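Residue numbers (our numbering), protein chains in the order written: chain F, -10 to 456; chain Z, 92 to 294.
Result set (DSSO-like, lysine-lysine): computed pairs, CA atoms no more than 27 Å apart in a straight line:
#1 F:Lys375 with F:Lys185
#2 F:Lys98 with F:Lys178
#3 F:Lys428 with F:Lys411
#4 Z:Lys287 with F:Lys411
#5 F:Lys275 with F:Lys177
#6 F:Lys156 with F:Lys40
#7 F:Lys98 with F:Lys177
#8 F:Lys411 with Z:Lys285
#9 F:Lys114 with Z:Lys285
#10 F:Lys141 with F:Lys98
#11 Z:Lys287 with F:Lys114
#12 F:Lys185 with F:Lys275
Hints are computed from structural coordinates only; laboratory data are not their basis. Source: prediction; values computed, not measured.
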Amino acid sequence: MTDQVLGFVLFWGVWLFVPMLIDGVTAVAYFIGAYRSRHDVLSTGKSARIKDPPLVSIIIPAHNAAGVISHCLESIRRQTYDQEKIEILVVDNKSADHTRRVLSTEQSKPFGGVMNWITLPYRGKSGALNAGIHRVSGDIICNIDADTVLDKDAILEMVRAFDEDPKVAAVTGAIEVLPAYIDPATGKKRKTHPLKYVMAEAEFLEYYSGFRIGRQYQSRTSSLFTLAGAFSAFRRDVLLNTFMYDERTVSEDTDLTFFIASRFPDRKVRAVARAVAYVHPTETLKALYAQRVRWQRGQLEVAAMYPEFERHPFRIRGLALPKSLIIDHTLAFPRVVWTFLLPMMYFIGYPLSLVVSASLSMYLIYMAVDGLYMGVAYMLAEGEAKSRIRQHWWMVLFMPAFRWTTFWFRFGGFLAVMMEPKEWRVRDPVTETRVGVRKVGVATLTFLTQSFLPRLAALFGIVIRTR
Amino acid sequence: MAPWLIWSLIAAWALAVLFFRLNRIWLFYYILGSVGLAFIIIFVGRSTFLEPALQSGVASGVHVLSSVIGIPTEVFRAAPGAILVLVISQDIGWTMLQVTIESSGLLESAVIAGMLLFYPGWTIGRRIQFTIIALVLTYLANVVRLMIIVLTLHEAGKDSLLISHTIVGRAVFFLLVVAIYWYLMTRPTLRTVKRKLDREMMS
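Only chain F is shown next, with the shape it has when bound in the complex (with noise of 0.2 Å):
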């Protein structure tokens, strides 16, 4: 029966089990290379001083942030890094809440920097950050997403990586999501449904071994396409160089990162594991698409716009982009049908027990590279965000299917890339169908009463009065 099994995931099962193989190399070579560089990101307690502190400026697009606003502005008053050193801009940009008052009672605050504030007609967050970097001096421009809260060392070690390297053009943090029974708003904790529990803890897991694993890696192989919307900084002459955040993409970062490295070959981006943001999980599985969509859809808008990146798409070296391209969109058709087709193996003779040991043994095999990439990230972690993971080992069982799931999602990108405009309002599948299955029925019942009925009934002389 083994070999059965065996036999028949290698045959048939390939297409599902060939991306899990892919994850699971590269698993080991992040294990290896995580392995190698733990020190760059484990903190040693051992960093040099930054004898010539620069001016760093802070950009904070705002859209109705009311409720977030002050969190991500009472860490920032929280930094180690000189405070002098700090200014502050945020860009409101249209907001209908109360933003402004907040701003005018956080400005009131103590702080040893400088925050300021400006009100934009328009919304969009790449308009916000344009309009902010126009409006800021320092040398070192940074982002951050009003919903963000940055840890106290978080900008001390966001300079530090342009201080040590010259060559460094931009830096991404690292973003850890919050456990999900925080509230967003009061930042105490609240009951939580346990989906949501999951899923948060499945993000957290997701986002950590992709920021302090994936990125590093990729960091150190010169390979990184895409900083972090939430917090990322910018040296300030090497941004003014650029065309700044474009509109064309929905993944305006992505973009903007691309630029750099084909403007700029010889500087570098890099991620920093040390300089950590937290930002909330994604709320519901609605919003979980709307983002996932989203952030697909950036991708292959991105990969489209720069042909130059994707000309050598088997070679090893060079930008993860056209690597992930293959593994997220090439091999992404035949496993959305292998999928399906898998299971009705069973029809053309295959059986029953053999199709649902494979399925199984697949899982198994998800749960594993999911197990190995948990242990690297244990590995790297400290603190809470280490005894986080280990108090939730027993995520390895949901792992396989939140990213299962967040496949879908994804893949629902690349259809809407291909037949929706950018403007598009991105709404989940199931609502999508409701709407629609209620459209049929309103349709027909207006067919039924309006033209059909009356015309039956006229057949048999019947004269149908409507008040």
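Given chain F's structure and the hints, the job is docking chain Z onto it.
Chain Z only, in chain F's frame:
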């Protein structure tokens, strides 16, 4: 299964695909469309002349290529998909390879046809053109896979059959098919997206 039931299922499938298409619910449209079509092709292929024809075609392709490189093989009209391969190492003699569902390429062809014919964003003409190219390339990739098995069998003997069939042949076939997908789906998609973004920027 009764024919009326089969036709009813196909009609229900087509209506559901149309519903998702008209309501622009692309994820469900694509899954249902591509998986459904792949399954219909497999179902029809298995119960008609299609599968034996494909088996025979693959066997003939391997036979022609083998004769070009000097490996004596035989195919038989009465047994579609059967190839006799002369083994020259170890136990010299003939080995019969049978092109079954696992190596006819029917399933892979059905999958790629489903994937391409329901891919949104391209004209139907382009999708049909790409599907034809993909089917021809998948057939060739499958012949290459079987050629590897024939070559290994001929040179390394019957003991090599398992590894060349299950691992080497399959791996080569997989890589070739990934390349087909890259050049027929991912790269043209990037071109389409670029044109779309350029158009949006111009407007």
